[in-house]
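Chemist: Fit chain C with the ligands to the known structure of chain E by using the hints.
Residue numbers (this note's numbering), protein chains in the order written: chain E, 1 to 290; chain C, 1001 to 1158.
Hints listed in this document are in silico derivations from the structure and should not be mistaken for laboratory results.
Don't take each hint at face value.
Claimed, not checked - For lysine to aspartate or glutamate, the following DMTMM-like pairs were computed, each having C-alpha atoms within a straight-line distance of at most 20 Å:
{"id": "1", "chain 1": "E", "residue 1": "K58", "chain 2": "C", "residue 2": "D1055"}
{"id": "2", "chain 1": "E", "residue 1": "K186", "chain 2": "C", "residue 2": "E1046"}
{"id": "3", "chain 1": "C", "residue 1": "K1003", "chain 2": "E", "residue 2": "D4"}
From a predicted model like this one, the values you see are computed outputs, not experimental measurements.
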Amino acid sequence: MLKDYLLPASVDEALQNLQAYSGKAAIIAGGTDIMVNMAEGKVSPEALIDISRIGEFKQIEEEGEFIKLGAGVTHTQAARSPLIREKALVLAQACREVGSLQIRNVGTLVGNVVSAQPAADAAVALVALEAIAEIADLQGKREEPVEELYAGIGACKVDCRSQLVTALRFKALSPNQGSAFKRLAKRKALALPMLNVAVVLSLKEGAFEWVRIVMAPVGPGPVRATASENILAGASVSPEIIEKAAAAAREQAAPRDSALRGSAAYRRDVLKVLVRRALQDAVSQAGGSL
Amino acid sequence: MSKLKVAFQLNDKDVALSVDPNDTLLDVLRGQLNLTGTKKGCGKGECGACTVILDGEAVNACLIPIMKVMGRSVQTIEGIGDEKNLHPLQEAFIDKGAIQCGYCTPGMIMSSKALLDKTKSPTQSEIREAIAGNICRCTGYVKIEEAVQAAAEKMRDS
Ligand SMILES: Cc1cc2nc3c(=O)[nH]c(=O)nc-3n(C[C@H](O)[C@H](O)[C@H](O)COP(=O)(O)OP(=O)(O)OC[C@H]3O[C@@H](n4cnc5c(N)ncnc54)[C@H](O)[C@@H]3O)c2cc1C
Ligand code: FES
Ligand code: FES
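For reference, chain E alone in the conformation it holds in the complex (with noise of 0.2 Å):
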């Protein structure tokens, strides 16, 4: 039960009000998945530290060549963001997938990241950008790549006991690249993800220079599809090409049966019609010709 509910206007102040709680405390950004975690007996902390109140936390910027997201980002602000559609779009495309508007006008990137949910959208996109997240304590800041924030289904490494995450960073997306986001649902909102495909790629006079495809829910957290990857990095592009890389993230990924999100043979067939769509969209974006 909640006996308190704290509204710090600083990253300073949030990480007092943790340290003062010792664990009892958690932190709070849109709610989405905690309010619902506490409804259903998940979490029961003794306090919420609100971290909406926190100015910097609304900012996307660009700084040189990254984008930084402030850590109260929300789904719709990153959705709309000109900078973000322009320069990282399958981050953009990712965040108008979730939930509902609803969902979105409240819930952050950062949110989804920390619950650590197989195929979070913004995660998935946030993988596939290479995003890194800043994490701060009372001892100090660190950075962490978010695809090394999972630690199985659910759970995360920041340590929501007395590390705050403060905003999320990624490097801009240049004119030879693109990026793309797929996804499969059984309606257009509040569906659960029965797969999700993030692509950004890099070209350099026709061919790939490298490339990065991300899929989910095939294991406990967004998994690289490091064979098709590796097919496309250094290859001339080519509808055959692509055909190949999709056809091998389909030989890849282990998805389970599963009767919320489909068979597995089901969604590994789908699975590589998303890949070879995501790649042909990003490749286009980049200015290659298919």
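Modeler: Below, chain C with the ligands alone, put in the same frame as chain E:
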């Protein structure tokens, strides 16, 4: 039970209350303030029946802890019109037959209002995005879309 103090704007008036921090905005609206226009369907963000407008954006009141609205502005269905002065959206929902049982209607109207407050001439896909988080078991949505378009037109003309 420890009570906390919360102050916010509700339908353009200042309110100050003593609340249980475990309550949601929806609990307080319905249980403490008797504003039962805002409905409770699922209680977990999946139906939109509890939609209210918080600082200009549609949100699910069932997922907002009451203390989160401290210092902010909340608008509910009670704040946008009454029997004598219907809001253009309320009129249009009646005129177009966009209401059957009515349970989803306050939420639908608040989602639509959040859209029309910002977007004078919404496209069909903008309307669909705005109301996709509101489930209606009766109407089939087509008449609701028509009602939102009709209200937008009326609001542009006035
Ligand atoms: C109806 C419904 C539909 C949904 N649909 C989708 C969907 O389609 N796709 C999807 O990916 N997700 C979905 N979600 C899940 C959820 O909305 C997202 O994961 C959202 O991004 C969570 O963000 P939040 O700010 O609301 O998190 P909160 O609930 O506020 O926090 C989540 C967790 O992160 C911790 N936390 C938050 N911020 C920080 C921080 N800065 N530092 C440290 N810890 C922090 C909290 O302590 C908590 O443990 C849905 C949820 C609901 C209720
Ligand atoms: S009651 Fe809030 S979304 Fe269903
Ligand atoms: S009118 Fe009955 S649920 Fe919409």
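Chemist: State the violated hints by number, sorted upward, taking the hints as numbered earlier in the document.
Modeler: none
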